[in-house]
Amino acid sequence: MNKEIIFSMNTAFRGEYVIHGYSYGRGEQSACIVGAMRGNEYQQLYICSLLAKKLAELEAQGSIASGKEILLIPTLNYSSMNAKKKRWISDDSDINRSFPGNPKGPATSRIAATLLERIKNYSYGIQFTSFYLQGRSIPHVRMMATGKESISLANLFGMPYVLTGENRAFDKVTLNYNLQLQGTQAFSVYSSTTETIDDASANMAVSSVLRFLTRMGIIKYDCHGGYISTTINESALVSIKADEAGFFRKLVEVDSEVKRGQVLAEIVNPMDGSVKAEIVASTDGIVFFVQDSPMVFQNVVVYKIIRRIHR
Amino acid sequence: MIETVVSVDLMVEEELKIKKNRLAPDFLTGYEKRICLVSGLYGDELQGQYICYEVIKRIKHSFDKLRGIVDVYPSLNPMGLDSRIREIPGSDMDMNVIFPGSKSGALGEYTASCIFDDISGADVCIDLHSSNLYIQEMPQVRINNDRVNELLPQAKKLGLDMVWIHPSTSVLNGSLAYSLNGVGVNTMVIESGGAYKINQEYCNKIVDGLFVLMKSIGVWAGKTEDIKESRVVYDKDIKYINAESSGIFIPNVNIYANVKAGDKIGTIVNVITGSEEEIVYASDNGMICSIRDYPVIEEGSLIARILGGDANE
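Protein chains in written order, with the numbering used here: chain P, 1 to 311; chain A, 312 to 624.
Calculated from the structure, these hints are not laboratory results.
Among the hints, a few may not be true.
Interface residues of chain A toward chain P, partial, derived using beta-carbon atoms under 10 angstroms [unchecked claim]:
(1) S318
(2) L377
(3) D403
(4) L418
(5) D429
(6) K547
(7) Y551
(8) S556
(9) I561
(10) T584
Cut-off 35 angstroms, straight-line C-alpha distance, at most; resulting in silico cross-link-like pairs (DSBU-like, lysine-lysine) [unchecked claim]:
(11) P/K241 / P/K84
(12) A/K371 / A/K344
(13) A/K547 / A/K368
(14) P/K172 / A/K330
(15) P/K220 / P/K259
(16) P/K259 / P/K68
(17) P/K148 / P/K68
(18) A/K526 / A/K575
(19) P/K84 / A/K371
(20) P/K86 / A/K467
(21) P/K120 / P/K86
(22) A/K534 / P/K104
(23) P/K241 / A/K330
(24) P/K220 / P/K250
(25) P/K54 / P/K68
(26) A/K330 / A/K371
(27) A/K547 / P/K104
(28) A/K371 / P/K276
(29) A/K534 / A/K571
(30) P/K276 / A/K467
(31) P/K172 / P/K53
(32) A/K368 / P/K120
(33) P/K120 / A/K508
(34) A/K368 / P/K86
(35) A/K534 / P/K85
(36) P/K85 / A/K368
To be clear about the criterion: a stretch of chain P counts as covered by chain A if any three or more of its residues have a C-beta under 8 angstroms from a C-beta of chain A, and this derived list gives those stretches [stated by the list, open to error]:
(37) 3 to 13
(38) 22 to 34
(39) 104 to 110
(40) 236 to 244
For every residue, glycine included, the Cβ atom is placed at its ideal position computed from N, Cα and C.
Hey, can you work out the whole structure from these sequences and the hints?
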């Protein structure tokens, strides 16, 4: 394992800020893996820590393919994690909304530009990304729709689902979109959680990456074949909203199969304990996402169901 | 008439209500022009609060001069304004990236959709912003280059210090202005001052310009102030000066200062060693149109923008 400085800068009060990268194997720049970009992405950093341990073991065993190099960057934003902030510690900007970045611009823009320049020649880019809604979701792989994406490659992770869909307004300033434009096949690997540690889905994410690296001939590793991924378009995800605000009493967990009309959760009046509303499935399917806040606003998305799919 | 544009139950006891004040002549013909003034997308930007108040006050004072419909939305992010948080509290979402929103989306996207629908169909919309916590801005209008023909004549009516024309490719397509322009509402963004403060001088200048604009589109028939001609600038006319050190910034110049290349703009100091880390110099001749307000900086922080070229001529 070789440790390198990806980016460094001085700060006003905290001394030098250094982003480290760790490379395993030597040779062709094969795969780059990026972890937490925000201060609340504990699960994503945890996954990197597990992956780092595994890659170190594989390297010690001589199981990194000859002439292949893997770069792992566990976190770009550890100060925000230390300060319990989600975005960049000094100006609330978001590294994953700063790409392609500007080497002469503000700090997050400089980090984005420096990172992109460093990893532009890797064949594959993998980012452990947090789901945009707060809660638990089924682990999945997502590719940005740039016209250069390859869904068949995404299947090689062996995750339960591969998610495709139209780009959202902010996608064009993310790492993965810009990596794709530079010619790197880039994948977003989503685990079940963000702010809490979930060992099972963390290990699934690690296994999926090792499986992909094996299948691309970058490592030699005997692993389970994983899932034959089901590819779904985001348009197949039906949003179920809370008609009322209050305490959220969850009755159905993520990854459960549900029937149309089934009660998924209850909204409880915080003043008198009465059930203000029942959250009802509007379609048959499998629960892809469920929110995990103790209380909810009116009209927020509390469930997403993969429409008309069965186990 | 004060109307509720969107109402959403919050978790405990409260409702999130976004309101507008519709000012219209007593007898409508159905052919009136409609202008929308929106403010408070970001909870730390307060310039629009004074501007909305002053516009409504002046219209009510000379109500018989009103010829069209003026819809004023002072606080699009009321929870953010109350809690001094820039984004939507709770979701931590930047409200100005989620337009046109979605009726099936979360709280922010849902409210954005209701706001967007309510404004759609207007002839003109002005999105009133302040700068953020870090930078002071002189009053200016910002428009996209793909709508110059429609927007520039109206932007000039506002008579602010500059009209800054951005490449549309550099603007996130989830902003309110971008989205409204996409459905034919001539939408311009006004920036001025800084966060958490109200600069009455800037605000009154903007209000004067708004009445000139309203008069030009047939919404207002009352007296208006004389306004000056705006300088029209493109990205190439604006020079950015970013810090190459971290520390505390001590400025040497104020906004509107005329500088020459090589003039000292300020100093970045290291507090614990008592030393100067960097002396920041002007890169070009011109006028300071933005200057760092928040003194703590890090490498890359924006220190100033210089409106170069013919700015001083």
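Hints, verified against the model:
1. S318: Constraint on A/S318 satisfied, holds at 9 angstroms.
2. L377: violated, 35 angstroms
3. D403: With a closest approach of 6 angstroms, the A/D403 hint holds.
4. L418: holds, 5 angstroms
5. D429: violated, 16 angstroms
6. K547: Status violated, d = 16 angstroms.
7. Y551: For A/Y551, the interface hint holds, since the closest Cβ of chain P sits about 8 angstroms away, which is under 10 angstroms.
8. S556: Holds, about 7 angstroms.
9. I561: Interface hint status for A/I561: violated (13 angstroms vs cutoff 10 angstroms).
10. T584: Nearest chain P Cβ about 12 angstroms off; hint violated.
11. P/K241 / P/K84: holds, 29 angstroms
12. A/K371 / A/K344: holds, 18 angstroms
13. A/K547 / A/K368: The hint is violated at about 39 angstroms.
14. P/K172 / A/K330: Distance ~33 angstroms between P/K172 and A/K330 Cα, so the pair holds.
15. P/K220 / P/K259: Outside the cut-off at roughly 43 angstroms; violated.
16. P/K259 / P/K68: Roughly 48 angstroms between the alpha carbons, so the hint for P/K259 and P/K68 is violated.
17. P/K148 / P/K68: With a Cα-Cα distance of about 23 angstroms, the restraint between P/K148 and P/K68 holds, given a limit of 35 angstroms.
18. A/K526 / A/K575: Not satisfied, since the Cα-Cα distance of roughly 43 angstroms exceeds 35 angstroms.
19. P/K84 / A/K371: Judged against 35 angstroms, a Cα distance of about 48 angstroms means the pair is violated.
20. P/K86 / A/K467: Given pair P/K86, A/K467 is violated - Cα atoms ~40 angstroms apart, limit 35 angstroms.
21. P/K120 / P/K86: holds, 26 angstroms
22. A/K534 / P/K104: violated, 47 angstroms
23. P/K241 / A/K330: holds, 23 angstroms
24. P/K220 / P/K250: Violated - the C-alpha atoms of P/K250 and P/K220 are around 43 angstroms apart, more than 35 angstroms.
25. P/K54 / P/K68: holds, 16 angstroms
26. A/K330 / A/K371: holds, 18 angstroms
27. A/K547 / P/K104: holds, 16 angstroms
28. A/K371 / P/K276: violated, 43 angstroms
29. A/K534 / A/K571: violated, 40 angstroms
30. P/K276 / A/K467: Between P/K276 and A/K467 the Cα gap is close to 53 angstroms, so the pair fails against 35 angstroms, i.e. violated.
31. P/K172 / P/K53: holds, 33 angstroms
32. A/K368 / P/K120: violated, 56 angstroms
33. P/K120 / A/K508: Outside the cut-off at roughly 43 angstroms; violated.
34. A/K368 / P/K86: Given pair A/K368, P/K86 is violated - Cα atoms ~41 angstroms apart, limit 35 angstroms.
35. A/K534 / P/K85: Roughly 50 angstroms separates the two Cα atoms, so the pair is violated.
36. P/K85 / A/K368: Status violated; Cα separation ~41 angstroms.
37. 3 to 13: As far as the region 3 to 13 of chain P goes, the hint holds, because 5 residues have Cβ atoms under 8 angstroms from chain A.
38. 22 to 34: Coverage by chain A is violated here, the residue count being 0 at a Cβ distance below 8 angstroms.
39. 104 to 110: Answer holds; 6 residues pass the 8 angstroms Cβ test.
40. 236 to 244: Since 3 is at least three, the answer is holds.
Hints 2, 5, 6, 9, 10, 13, 15, 16, 18, 19, 20, 22, 24, 28, 29, 30, 32, 33, 34, 35, 36, 38 from the earlier list are contradicted by this structure; the remaining hints agree with it.
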